[in-house]
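Spelled out from the first residue to the last, the chains are:
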Amino acid sequence: MAITTPSDIIISSASQLWLPSMAQEPLKTALENANYLMRWHQPPLASVCFTAENALTRSSIYIVPVMPSADALRYSLEHRLVCTNASQSVTVTVDETATYAGAGTSWSNIYSQAVTTSSTAGGLTTHTKSNQPIAATTTALRVTYTAPAAGSRNDHHVLVYPSPSAPSAGIQPSGAVPFDDGLITHGDEAAIHTEWINRCKTTAVAILTDRKQNALSFCQDETNQLHQWNSKGTDFYPLPPGRVWFPNQGPTVTLDLRVLGKVDGGANTDLLRVRQVGVPGAKTVTFNADETIKSGTLEVKLQGSGLMTYADLELAVKRTTGNKTRLMSAMAFWTPGD
Amino acid sequence: MRASSLSPAALISSYTGTAANPATIDIPLSYLKHMEATLAEEGGGTFWLAHYQPGQVETATQFHEVSAVAEVGGKCRLTIDGTSGGHSLDTTKQSTLTLPPTDYGDVTDYQTSFSHVDDGTTWG
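Heads up: the protein sequence lines correspond to chains A and B, in order.
Just so it is clear: in the first sequence, position 143 is 143 by my numbering, and no numbers are missing.
Just so it is clear: in the second sequence, position 72 is 1072 by my numbering, and no numbers are missing.
The set of hints was computed from the structure by calculation and includes no laboratory data.
Check the hints yourself; a few may be wrong.
Unchecked claim - DSSO-like mimics (lysine-lysine), calculated; alpha carbons at most 30 angstroms apart, straight line:
#1 201/A with 1075/B
#2 262/A with 294/A
#3 28/A with 201/A
#4 324/A with 1093/B
#5 301/A with 318/A
#6 1093/B with 201/A
#7 1093/B with 294/A
#8 283/A with 301/A
#9 129/A with 294/A
#10 1033/B with 1093/B
#11 318/A with 294/A
#12 283/A with 318/A
Only a predicted model underlies this, so the values are computations on that prediction, with no experimental measurement involved.
Using the sequences plus the hints, can you model the full thing?
Here it is, written out as structure tokens:
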């Protein structure tokens, strides 16, 4: 008896499905494919190209709102940055919190590591930290890079994706249920029951819906927030739209939004906006810039077709007279089926 | 070619007695007719069901002997005369009852008419 996790998903051939004898197969393979999904379904929790000043000679901090798995999975993090000078020491720190509250946030450290950057001046440094648990209750990550001793640093990207260990026994908080083959392989005489048939579907759906997929990201350096949108009157000031691809999805998709912004003073109501553009009747969602992570959903009408199905999304910010508004982060997450 | 129905998998909602030695077990009412038919085939005797917990070590070594079936409180209540296998019921782990393997000594003809591995029927 064992919970077997295949290294590749195994697709039964058509001939294996033509009125096969009532045997362990093809059900056992289908159930082990569910184990495969639990181990190897790895959509990006966050994929963020940072917005920051060029040539930083100081530390930078990014707040990345996230929607991690209910299963408290391990995640791997890949950071990419460039230093003008070769072989610099940059300390990479990642923290998590259940509740972001500005300067009063209580952070828990996930890891901190001094990284020696590329041995080539101006070369790309890729730092990977594997298998770091992120709590199911986490709502934001804080990514910090320290200044190099010499020269400057440009922060490029962070990718966070699930890298769970092989499925362990028991029903997971997400609803996923691993498959142990002890009963089905018993003497070739086990009952073929309805729960096994249903488990193939329910576990696959649980995994697909639990591991949110980052569809849109914008995070700028918390230290100074380069874009303050303080010189464009009090109308919404939009960023260029970003195209989000949803291959073979539609006709609509509903995204989960997490948006974080703050003001220097004055009212903070409805100063942050996320909307779809380029489609008649596209929907709009606004959020308060109150220095807490705001949640919402946005239904988008998909354009294009097949693999080229997409939606164009726009972030925008406005201010009140005499005040500044800072968009710190905006993230959109897609759940298959939504 | 011979067809059969899938074997039932009845999620246990509650029980009386102890987890290791239950006196009664409640499962969804939709299984009442199936359990009554099994009991009728035994002429008022007893029949056995296999226990497992999804996602845990799933074996064919845990059984409950049923001596009576009745509708109680909107559930199908099984009166348990015996338990073997050394297991304990755990509703948080979704303890479930299905049919015994066909090599189990006390499996009934009615129970073997439902799908089992290598029973001569086909998927379809």
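Checked hints:
no. : hint               : result
1   : 201/A with 1075/B  : holds, 26 angstroms
2   : 262/A with 294/A   : holds, 11 angstroms
3   : 28/A with 201/A    : holds, 13 angstroms
4   : 324/A with 1093/B  : violated, 53 angstroms
5   : 301/A with 318/A   : holds, 25 angstroms
6   : 1093/B with 201/A  : holds, 19 angstroms
7   : 1093/B with 294/A  : violated, 35 angstroms
8   : 283/A with 301/A   : holds, 9 angstroms
9   : 129/A with 294/A   : holds, 29 angstroms
10  : 1033/B with 1093/B : holds, 26 angstroms
11  : 318/A with 294/A   : holds, 16 angstroms
12  : 283/A with 318/A   : holds, 18 angstroms
In summary, the numbered hints that this structure violates are 4, 7.
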